[in-house]
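K.L.:
Take a look at the letters that make up each chain.
Protein chains: 4
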Amino acid sequence: MISISVIGYGYWGPNLARCVTEAAKCDLACISDRSPACLAKASKRHPSALLYEDWHDALSNPKIDAVIVATPVDLHFEIALAALKAGKHVLLEKPLAATSAEAAILIEEAAKRNLVLMVDHTFVYTPAVRKIRELIANGTIGDIYYYDSTRINLGLFQRDVNVIWDLAVHDLAILDYLFEAKPLAVSASSAGHIRGSQENMAHISLFFPGGINAHLNVNWLAPVKIRQTLIAGSKRMIVYDDLEPSEKVKIYDRGVSLDSGAEQKHKLRVSYRIGDMWAPQLSVKEALLTAIEHFVATILSNSVPITSGVSGLRVVEILECAVRSFKQRGTPIEINPLRRAS
Amino acid sequence: MISISVIGYGYWGPNLARCVTEAAKCDLACISDRSPACLAKASKRHPSALLYEDWHDALSNPKIDAVIVATPVDLHFEIALAALKAGKHVLLEKPLAATSAEAAILIEEAAKRNLVLMVDHTFVYTPAVRKIRELIANGTIGDIYYYDSTRINLGLFQRDVNVIWDLAVHDLAILDYLFEAKPLAVSASSAGHIRGSQENMAHISLFFPGGINAHLNVNWLAPVKIRQTLIAGSKRMIVYDDLEPSEKVKIYDRGVSLDSGAEQKHKLRVSYRIGDMWAPQLSVKEALLTAIEHFVATILSNSVPITSGVSGLRVVEILECAVRSFKQRGTPIEINPLRRAS
Amino acid sequence: MISISVIGYGYWGPNLARCVTEAAKCDLACISDRSPACLAKASKRHPSALLYEDWHDALSNPKIDAVIVATPVDLHFEIALAALKAGKHVLLEKPLAATSAEAAILIEEAAKRNLVLMVDHTFVYTPAVRKIRELIANGTIGDIYYYDSTRINLGLFQRDVNVIWDLAVHDLAILDYLFEAKPLAVSASSAGHIRGSQENMAHISLFFPGGINAHLNVNWLAPVKIRQTLIAGSKRMIVYDDLEPSEKVKIYDRGVSLDSGAEQKHKLRVSYRIGDMWAPQLSVKEALLTAIEHFVATILSNSVPITSGVSGLRVVEILECAVRSFKQRGTPIEINPLRRAS
Amino acid sequence: MISISVIGYGYWGPNLARCVTEAAKCDLACISDRSPACLAKASKRHPSALLYEDWHDALSNPKIDAVIVATPVDLHFEIALAALKAGKHVLLEKPLAATSAEAAILIEEAAKRNLVLMVDHTFVYTPAVRKIRELIANGTIGDIYYYDSTRINLGLFQRDVNVIWDLAVHDLAILDYLFEAKPLAVSASSAGHIRGSQENMAHISLFFPGGINAHLNVNWLAPVKIRQTLIAGSKRMIVYDDLEPSEKVKIYDRGVSLDSGAEQKHKLRVSYRIGDMWAPQLSVKEALLTAIEHFVATILSNSVPITSGVSGLRVVEILECAVRSFKQRGTPIEINPLRRAS
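Chains as they are written, first to last, in this note's numbering: chain A, 1 to 342; chain B, 1001 to 1342; chain C, 2001 to 2342; chain D, 3001 to 3342.
Treat the hints loosely; a few may be bogus.
Derived pair list, reagent style BS3-like, types lysine-lysine, alpha-carbon separation capped at 30 Å [claimed, not checked]:
1. LYS3112/D x LYS3182/D
2. LYS225/A x LYS85/A
3. LYS1285/B x LYS3285/D
4. LYS225/A x LYS2182/C
5. LYS2044/C x LYS41/A
6. LYS1235/B x LYS2131/C
7. LYS131/A x LYS85/A
8. LYS250/A x LYS3250/D
9. LYS3112/D x LYS1041/B
10. LYS1112/B x LYS1063/B
11. LYS3131/D x LYS2327/C
12. LYS2112/C x LYS2182/C
13. LYS1225/B x LYS3131/D
14. LYS2285/C x LYS2327/C
15. LYS2250/C x LYS1250/B
It is worth saying that the hints were derived from the structure and are not from the lab.
The shape of chain A in the complex, shown without the other chains:
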């Protein structure tokens, strides 16, 4: 039985605390938040949990095995490093850290102490994304051509992060999980339309080896909410719409075929192929619960989580490169393969 402390009980912490109580093989030992009002709410819902205003108290409690950190991202590094040094396993909300340098230090510290370091890339634990990975792995899609995602809405403008740190991080996490290849370079553009606010809109192009490419359209200032991703391959194409109540993943048996005969030297023929569409039934298990159970399982089996610190670092690196690119109006930024390998 793994004893867990949730640190940060604001917007997302209550969901984490609830899932810890629902997950097997763990219990919610304590909750920490510097706001007494948040702690009061926590007390009402989780009367048996210990409550701390200072998260250091959670770390010094020897009964705690692991912490889940749901604070603003600028506190991730300090809390996670202290937790690891106190011998606790750590699960951090996305993104892993505010900089790739911080992420790298956390990875090193966790490795040194043989502790689990995991980032909550929640979408990786959704039945939809897992089904897509399976469809890629078993050859249903064929060779991957592209990933093209639109993730827009009239959103919560955040004071401390821009739209790509808030929304594009989801697609980068999904890409890191779905594609074996990692991007070589990124070109991004962005705009901030509200004076005094961070960028609220961005378009990010990622260039992968072998001509695979990805594009992310993220926007906090859109009149309608869209969560739609196209994934095309040589055999079939997927439309993944996260707002669909039941048919979130549709597989289209569509594509092009190439006819080039001797008599067509000068005229390459590209024709369509249009076949059936198919929407597999998906589990309705909550992704966050799956993520927490995975965290507990990796602690118990001393193994590496799917969304490990290293995958969290890869995502943070791309976010940093994308910001560098959009500050130069799309100038492509190479994603350093050496640093990534380390």
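Assemble the complex: chain A is given as a structure, and chains B, C and D must be docked to it using the hints.
P.N.:
Just chains B, C and D now, kept in the frame of chain A:
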């Protein structure tokens, strides 16, 4: 009564010929196509039109006042220049020409001879786009923030042009019509997934003065057809969906408002504003017919068409810059204001 | 401050209890359920509420002012009657009672004791239905023509009630609220496709004075979920789609116009009128909370609730007549105006 | 080569004439219409066809093998009877005739003369409906439970027929094709909201042997266009949406399962089964062309068309019974099996 010759009776020519017969103050005098099979079809539908295999014959016919050119784009320049030199007014299918240099020569020639040179940017003549322009002009939208368009489908791969010359040209024409400001720079990425074919997918970011931006997502290799454009302003936002049978233009009374008081020095408050949605009834008049009537009207009144040669040139220049950018993975390309002014 | 007891803490009771704690001017004094497991859950969420396995204990507690009954419908009568006799105000889940005879007795008892008797016709308290009533009342729709509703899904088959007692009750409650006129007769058909289960599918036609008509399509065995109601009038038409996340109510400026001139004696001309569509922004306040606040307000002001016992009786009477009709394959059943008036 | 005359060149005749020219093994010999304006249009499009103002001339032309009748329905009987007596095969637009008595006489006459009598139940020839029949025939759907169709729009009010003769006829034709069982009784309600016009809205319930049922919702006065049919069976369910551009037929692997064990004597358990959804690719061949080719093939092979006179009679009989029922507010009308068998 303006006597018109349609040159090129392949994919699009039949629509042009039909609209010429339906439009007021003009008649379809002749049709030219080098394919006897195409001419045979033309003869069946337009038994009274003269038929020429060689377009030069149409130009040397003194009864012809104007030509409409619907050939592959690489023939636009030669035919249009000869037509202007023969004293004919010219309407060219989009894009105006294969290069901006050619476009500039056509503009000069038409100006010298006081002839109408028009490009068929058809979307500019749709009731939907005209309504949007009206909503911008009368202040309904407020200050423009952005234009973000998705124009994808499983499309006809074309041998001689890539996807941006085929699809992005529509959005560039719409932008040229809607926005007074012209873009300063472009960053584009693209991919060609079918060996031996041109680029079938591209993302184009346009940077306008004053922080306005535009983004175009064009794709010939998508499992579903989407024609959706978001246009956001400081007061309201538009969703323009060309596939909607009746509510093509929806206006959302949505946005953000900014509260910054003395007590909030460190905390800028951005809150949503969500109001009604409204879909104006649109005319159902065919855009192509409107375009041809406009062509005839500008000939008769000796005036400049909305989609003049100069607007056609601006669009071609951006296409050229976008290609240069996507060959360098998004490196931004400045759109030369001096050349544009000439 | 009104002290409330929730009786029945199964499927719907927890929502009622939560809303009582959120509503102003009342408090959740106790919860009653015969299942210890349900009471254990109740205790976790509402630690300060008294818990009773026997609902009689709630009625004998003199501090309780009012009860909200969320038990199976066959217990409504017994509990509500006892509660009224104990001097408690009563809010019952829909439908008011299992028979119109029972409903009439409850109305009489409440009137005699000057207590509030209310039925939770929840949809009447939704922002969408209230907006529709406003649009009818202010003349936007013109003279009402019809109400046509589809309320289908793959639903919970219920042991003790058929689909019309479960789903059609919603539309009958909405109709009772929207239309001043009450139906004169009903014709219904139904089918039960699962051996041993009650009817899972029904179509109900209601005939109102003046040629107004209504139709309800309810179904527990449908592959997709639909919640769509059309309301047409002489001036405009409404589409109310309860599954739309934001534009639940759309008003179409559409209809027909009649031209009959002297020269058209034999040929009546009916032509369309197609104008704008408009979706008003709706409040997002939870309907159940509004209902409970209305219950408390009518107690405090000693007034009659919108969804009074009498409206509950009217709905139950129509349900009874519809069942009689579908047992005779649609034979129309007159809805007794005398009994209704009593 | 079958020589065909089209009689009636108003709204639908031009489509029939065009399809006759496209179909194999037949030619468009003549066109007849009493309006000179319509004949002038016909002449332009079909310069080689003979043109008659009087349809008797078409019948007396010995070169004509068959006629296709697209006049108002009240002329069907007179023209078809004369055509059969003149030895011509006959294809009539839906509905077959204005009364079942007329339909029966036509059937008898055709049988006596060994001529083909066919009704153009066009939907029977659509790829979608044919696919649905195949899915029923091969057991994919299991035992049929119900057919529930919504066919509404803001429609052309017709002077001479009501909405069920205009719209419900389509569903009755589809039902006649899909289901082996024929309906025993019908209950219908209707309303006419426009003074001086026929009924513009109707709901029709059909009762089949074995508890199968069907319901048709038809409406000319609806703000939106819907063409949606649900077909449920014991194994799977179909949603057929004729307005979907490509996925018109969706098959849902959904339903209920029944668990009844010894320990559940008093509690029948009905639980859902939710599986994949699948949309088969459909042919895009025009239904009208398929229908005409079928007409020609049955003439050449001396066989009975799918949509024979007898199927046309069955549909007309149900229409007549539905009208009788809606005049009595839903009173069920038995569909006479003896007359049907004759």
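K.L.:
With reference to the structure, classify each hint as holding or not holding.
P.N.:
Outcome of the hint check:
Distance restraint check for LYS3112/D and LYS3182/D: the Cα-Cα separation of roughly 26 Å lies within the 30 Å cut-off, and the hinted pair is therefore satisfied. In summary, the hint linking LYS225/A to LYS85/A is not supported, as the alpha carbons are separated by about 42 Å, beyond the 30 Å threshold. Between LYS1285/B and LYS3285/D, the direct Cα distance comes to roughly 28 Å. Compliance with the 30 Å bound is thereby established for this hinted pair. Annotation: proposed proximity of LYS225/A to LYS2182/C is violated, straight-line Cα distance about 41 Å (limit 30 Å).
For the proposed pair LYS2044/C and LYS41/A, the alpha carbon gap of about 14 Å is at most 30 Å, so the pair holds. Between LYS1235/B and LYS2131/C, the direct Cα distance comes to roughly 25 Å. Compliance with the 30 Å bound is thereby established for this hinted pair. Between LYS131/A and LYS85/A, the direct Cα distance comes to roughly 37 Å. Violation of the 30 Å bound is thereby established for this hinted pair. For a cut-off of 30 Å, the pair hint linking LYS250/A to LYS3250/D stands: about 12 Å separates their Cα positions.
Taking the CA atoms of LYS3112/D and LYS1041/B, the gap is about 45 Å. The hint is violated against a cut of 30 Å. Simply put, LYS1112/B and LYS1063/B have alpha-carbon atoms about 22 Å apart, close enough for the 30 Å limit, and the pair holds. With a CA separation close to 35 Å, the supplied pair LYS3131/D and LYS2327/C exceeds the 30 Å bound. Using a Cα cut-off of 30 Å, the hinted pair LYS2112/C and LYS2182/C holds, with the two alpha carbons roughly 26 Å apart.
Restraint check for LYS1225/B and LYS3131/D: satisfied, since their Cα atoms lie roughly 24 Å apart, inside the 30 Å limit. Proximity of LYS2285/C to LYS2327/C is assessed by CA-CA distance (about 40 Å); at most 30 Å being required, the pair is judged violated. Between the alpha carbons of LYS2250/C and LYS1250/B the distance comes to roughly 12 Å, so the proposed pair stays at or under 30 Å and holds.
The earlier numbered hints that this structure contradicts are 2, 4, 7, 9, 11, 14.
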